[in-house]
Amino acid sequence: MNRYQRQLAIIGHDGQELLEGSTVLVIGAGGIGSPVLNYLAAAGVGQLIVVDHDTVELSNLHRQTLFNEADIGCHKAHRAAETLSERNSDVVIEAYPCEFTVELAQQLMPSVDLVIDSTDNYGSRYLINDSCVAFRKPLISCSVFKNIIQLALFDTRTICYRCVYPHAPPAGMIPNCAEAGVLGTVTGIAGTLTANLAIHYLVQIDDGTNPTLRIFDAGNFSLDSFPLQANKNCIACKQKEINAGHIEYGSDIPANKIEFGVYLEAINREDYLLVDVRTRQERELIKLDDDLFFPINEQSNYDFFLSYREKKILLYCAAAHRSQFVAAELRAKGVDAYYLKNPILPL
Numbered sequence: 009m010n011r012y013q014r015q016l017a018i019i020g021h022d023g024q025e026l027l028e029g030s031t032v033l034v035i036g037a038g039g040i041g042s043p044v045l046n047y048l049a050a051a052g053v054g055q056l057i058v059v060d061h062d063t064v065e066l067s068n069l070h071r072q073t074l075f076n077e078a079d080i081g082c083h084k085a086h087r088a089a090e091t092l093s094e095r096n097s098d099v100v101i102e103a104y105p106c107e108f109t110v111e112l113a114q115q116l117m118p119s120v121d122l123v124i125d126s127t128d129n130y131g132s133r134y135l136i137n138d139s140c141v142a143f144r145k146p147l148i149s150c151s152v153f154k155n156i157i158q159l160a161l162f163d164t165r166t167i168c169y170r171c172v173y174p175h176a177p178p179a180g181m182i183p184n185c186a187e188a189g190v191l192g193t194v195t196g197i198a199g200t201l202t203a204n205l206a207i208h209y210l211v212q213i214d215d216g217t218n219p220t221l222r223i224f225d226a227g228n229f230s231l232d233s234f235p236l237q238a239n240k241n242c243i244a245c246k247q248k249e250i251n252a253g254h255i256e257y258g259s260d261i262p263a264n265k266i267e268f269g270v271y272l273e274a275i276n277r278e279d280y281l282l283v284d285v286r287t288r289q290e291r292e293l294i295k296l297d298d299d300l301f302f303p304i305n306e307q308s309n310y311d312f313f314l315s316y317r318e319k320k321i322l323l324y325c326a327a328a329h330r331s332q333f334v335a336a337e338l339r340a341k342g343v344d345a346y347y348l349k350n351p352i353l354p355l
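Numbering-wise (our numbering), the sequence shown opens with residue 9 and increments by one.
I should point out that these hints are in silico values taken from the structure, not numbers from a laboratory. Beta carbons: idealized from backbone N, C-alpha and C, even for Gly. Misleading hints may appear alongside valid ones.
[Claimed, not checked] As a list, the in silico EDC-like pairs of lysine to aspartate or glutamate whose alpha-carbon atoms are at most 20 Å apart:
(1) Lys-319 with Glu-337
(2) Lys-246 with Glu-306
(3) Lys-349 with Glu-337
(4) Lys-295 with Asp-232
(5) Lys-349 with Asp-311
(6) Lys-295 with Glu-318
(7) Lys-246 with Asp-163
(8) Lys-349 with Asp-225
(9) Lys-240 with Asp-163
(10) Lys-320 with Glu-292
[To be verified] Pair by pair, the computed Cβ-Cβ distance ranges are:
(11) Arg-277 with Arg-11: 24 to 34 Å
(12) Glu-273 with Leu-69: 13 to 23 Å
(13) Asp-297 with Asp-22: 31 to 41 Å
(14) Lys-319 with Arg-291: 20 to 30 Å
(15) Ser-93 with Asn-241: 26 to 36 Å
(16) Arg-165 with Asn-276: 41 to 51 Å
(17) His-61 with Ile-275: 37 to 47 Å
(18) Asp-62 with Asp-297: 39 to 49 Å
(19) Arg-11 with Asp-311: 57 to 67 Å
Please model the entire structure based on the sequences and the hints provided.
Right under this line is the structure:
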């Protein structure tokens, strides 16, 4: 126990035994996954399963701390497993250098205690979520966009990622880190927060019964938390199965090539009908004046907007992700829709 002496003062011997008896599936061994895997292996989690189809590139090395120059061209899953085994030989590491698919989910999910999504694409994110719902496995989801980190733990028996974000945004709408850019320190913070939340769950400090969305802005070092609620219309929770033919794992809605994002200070408010598409919990904390409320986690029928076809619709949310998606869908229906680029977050 000398290896874990410093953390035993926090989690105790019972907590350490819980870690050693746990199996964690980590999907994605990149910028977020690297510190997640590093810290979980160092903490003594009994078994880690690593899934990543990608190979190491030079551009990965500023943030993916499991790898070095000699690893370029190697499968991330294999190299991660080798590095982690050297760090803690007591941890059992399984590597799957392939994409996460329905078939792989059916193979791996039954034996795991916790799933961590550290991927950077929406197709995987929704498949991982729906797999966790189907097998009743808790899910930690973490994502990074520039300086913004979003992190949440879902028990998936009562609430899931799709309850909060029912649909993937249009393909190409949200740029990945290669397009938007990212600091290695930000993904490092994200992965460390994720690993910390995972340890809290595994040693029963946080059982996931109070689902919370945590948003950390590495630009100004602010941290906000929003309580989450289940969505009674969630298709994943209703079906409780992985159904690739029924639930999209990605988005086939093309991104509109015309720029339709605007800044509040650059427009005349009177020219637009302002619509909040966030959750009720977010709205209670902050909202804009003289707006309408259309919570997309509760609504799936956009016909509400058709009666406003003669107006310019300006949608807003916390970080412009959900509002971009709804604006693109409304434009496809002939509505003159825009999204607000300003982030709407509590002060």
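Ascending list of hint numbers which this structure does not respect: 5, 6, 10, 11, 12, 13, 15
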